[in-house]
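K.L.:
Listed in order, the protein sequences are those of chains U and V.
Mind the numbering: the first sequence is residues 134 to 538 in our numbering, read in order.
Mind the numbering: the second sequence is residues 134 to 538 in our numbering, read in order.
Incorrect hints may appear among the rest.
Identical copies go unnamed one by one, so any copy, or any two together, can satisfy a pair.
[To be verified] Calculated lysine to any residue pairs in the SDA-like style (CA-CA distance at most 25 Å, straight line):
no. : residue 1 : residue 2
1   : K188      : E205
2   : K204      : R440
3   : K204      : P166
4   : K204      : D437
5   : K525      : D153
6   : K525      : Q441
7   : K165      : A529
Keep in mind the hints are simulated off the structure, nothing from the lab.
2 protein chains.
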Amino acid sequence: MREGGITTFEERAAALDAADPLGAYVDRFVRKPGCVYLDGNSLGPLQHAVQARLKTVIADEWGTGLITSWKEGCWLDLPSQTASRIAPLLGVSDASVTVCDSTSVNLFKLIAAAWQHREGRADILVESTNFPTDLYIASGAAALLGASLRQFDTADELLSSLDASTAIVVLTHVDFRTGAALDIPSVTEEVHARGGRVIWDLSHTTGVFPLALEEWNVDFAVGCGYKFLNGGPGAPSYLYCSPQLLPTVENALPGWWGHAAPFAMSPHYESHPDILRFQTGTPSILSLAALHEALAIWNDIDLDAVRQKVETISSLFIDVVASEATTLLQCISPADPSTRGSHAAFRHPRAAQVMATCIATGVIGDVRPPDIVRFGFAPLALTYSDAVHAAKTLLAAAASCTAGA
Amino acid sequence: MREGGITTFEERAAALDAADPLGAYVDRFVRKPGCVYLDGNSLGPLQHAVQARLKTVIADEWGTGLITSWKEGCWLDLPSQTASRIAPLLGVSDASVTVCDSTSVNLFKLIAAAWQHREGRADILVESTNFPTDLYIASGAAALLGASLRQFDTADELLSSLDASTAIVVLTHVDFRTGAALDIPSVTEEVHARGGRVIWDLSHTTGVFPLALEEWNVDFAVGCGYKFLNGGPGAPSYLYCSPQLLPTVENALPGWWGHAAPFAMSPHYESHPDILRFQTGTPSILSLAALHEALAIWNDIDLDAVRQKVETISSLFIDVVASEATTLLQCISPADPSTRGSHAAFRHPRAAQVMATCIATGVIGDVRPPDIVRFGFAPLALTYSDAVHAAKTLLAAAASCTAGA
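Working from the sequences, and respecting the hints, build out all of it.
P.N.:
Here it is, written out as structure tokens:
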């Protein structure tokens with residue numbers, strides 16, 4: 134849609150904001166005056182409630198409660214309590230999710246777990262558009278496990294290469310560069326039809342797509358806590374293991390927190406009977422408490438409304454950028470909003486300069502090498518008017534960088 | 134030494150406090166009124182400076198700096214900056230230490246790294262008095278690597294079993310139950326003489342023993358940030374790899390933070406040339422910042438003075454307890470303070486009840502099953518008078534529990 138006639142983009146945004154069922158959540162986030170933050174897909178913004186919670190955790194639970202806070206401050210239960218708040222976002226039961234470690238470490242655990250179901254198959258398949266850490270971890274895991282790693286340029290190539298040797302497929306749902314989303318149920322079915330297991334990386338997915346992993350027969354999934362879950366820099370990751378597979382897989386990194394009775398301090402390992410077996414070492418309580426509190430906002434939110442806002446706000450942003458045909462910005466995100474994550478990406482020959490100009494004028498996105506500028510929409514923290522303002526700032530930045538070429 | 138004559142334990146403690154070169158540090162810690170905290174070997178106390186730092190990290194760096202804090206808030210350099218503060222405590226160069234993940238995860242990385250130097254040897258040796266997570270991780274790593282795990286009841290048994298099949302020895306310097314300390318240089322030499330590599334767990338060591346790992350030819354070491362380093366609940370762990378071995382070992386969990394150029398986002402892994410290759414996923418910034426700030430206190434502290442205080446304060450505590458021959462408390466920590474960590478442990482048939490009584494009267498230690506009460510001395514946060522008061526509280530608690538038997 135082009136700007137013009139009787140409705141400007143600003144008017145359209147104002148109307149959308151006025152009718153936004155999620156608009157009231159925006160004020161729960163700390164906001165820097167004069168700044169529109171469009172990097173929620175990299176680091177989600179801080180909520181006032183999280184700031185207050187951390188103050189209590191630091192001063193009262195660590196400061197004066199000290200060691201007694203493991204029981205009295207509920208630190209012992211914090212991994213499970215946090216998982217309970219993530220489970221509905223994944224469409225799974227609480228008993229299938231646990232929160233710990235980094236996405237990289239958890240992906241390693243899941244690859245090693247899936248390998249236990251390889252049934253003589255030898256190959257781990259990855260696509261090169263996964264976030265790089267997934268490729269590196271898959272490669273490290275393959276080396277340890279004695280698997281063959283096969284890397285493909287696209288998901289289509291990967292899927293057409295599935296065969297009787299395919300043990301594990303590692304796929305990212307939303308491409309971290311383009312925002313293009315795969316179809317989880319159909320891809321999962323395709324991998325299963327060839328006898329393989331699939332591990333989904335949902336780092337750019339959780340909180341912006343309604344999910345039904347259990348209904349979709351997903352085997353394993355992993356995701357990060359610091360993007361759209363707004364858990365803070367380097368927040369702990371979560372992992373999902375299907376209830377069917379859980380009793381039959383072991384954690385390759387079996388630390389004391391994954392023991393059936395950690396405080397018995399037995400010299401012999403016995404796996405926790407439930408999903409806690411995927412825990413490893415002592416959790417980072419400060420980071421975990423931040424994520425736990427950050428997730429409280431989702432308690433009474435309709436994920437379909439979130440998805441609707443994600444599609445509308447990102448389309449609006451893309452429409453504004455497209456309204457100026459003279460820039461060198463080339464949108465590389467899918468035009469169909471239903472197959473797009475919650476960010477929009479554009480190529481520009483001077484991407485770094487364009488982004489620096491945006492940031493200098495208060496619109497924060499990021500650059501992905503070599504030539505991509507990327508803008509992420511944390512749906513609970515932004516208004517439609519923010520998106521229009523930011524898109525126009527991007528247009529001006531691109532124009533000034535082009536002019537100065 | 135028995136109480137009596139002209140000098141009471143309280144008088145002795147007061148004299149020691151008056152002359153304590155580290156006494157001024159006590160006020161840097163948050164203190165709960167009426168409470169003597171003797172569980173610094175499990176969770177170190179909070180410093181006022183850490184509380185202030187976290188406030189800034191949360192409100193300014195995350196809250197308004199957001200994604201720009203990776204560069205401007207120095208988050209990118211935080212693992213290295215934190216390592217630089219740990220290196221002097223280990224007696225090694227900054228370039229040999231990195232900070233990340235949990236102790237369990239880092240131990241796994243080091244076992245997998247040491248395995249790369251096995252030269253045909255097949256055995257990993259552990260002693261059952263290691264902290265349990267070390268045993269579990271060694272067992273998990275052995276299963277993945279195809280190693281044979283041999284478990285021994287004592288370090289002496291283990292050392293007398295070293296042979297041409299010994300690839301790796303995993304030892305804990307300070308026993309988490311008794312506080313008994315091994316001699317790192319001589320044991321390391323013994324393992325080396327048989328051609329093996331040794332990994333030391335220094336979780337109960339760092340901050341209470343001066344160390345010279347490089348001079349002692351230690352191969353690998355790992356330790357936790359939340360005990361005597363006072364980094365907060367579940368603080369990140371550190372790992373050490375000797376400069377000689379570093380160029381020849383790879384990280385078995387190769388995440389993007391261990392890449393030579395993480396932000397190039399290449400689909401192919403290339404190890405960081407230095408110790409950062411042992412990084413894996415995105416670090417938990419809140420937990421890491423707490424540890425970084427907690428370590429600042431060590432900048433101008435003489436570790437020999439710390440060691441002197443550790444020996445004197447723990448001996449004083451043990452002496453007070455020994456002054457009452459009528460209790461059922463049996464000290465299981467070494468009598469020679471030079472071979473003792475910074476905690477004192479006692480058996481008592483009603484250990485849990487004794488500790489509950491202590492805690493109810495403001496002296497916090499902990500229980501290790503089945504029958505051990507344990508009291509740890511964070512040397513910078515305690516006075517000698519605290520120790521005497523706490524020991525007398527323990528005596529009264531033991532007497533009341535015995536009487537009520």
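K.L.:
Of all the hints given earlier, name the ones this structure violates by number, lowest first.
P.N.:
2, 4
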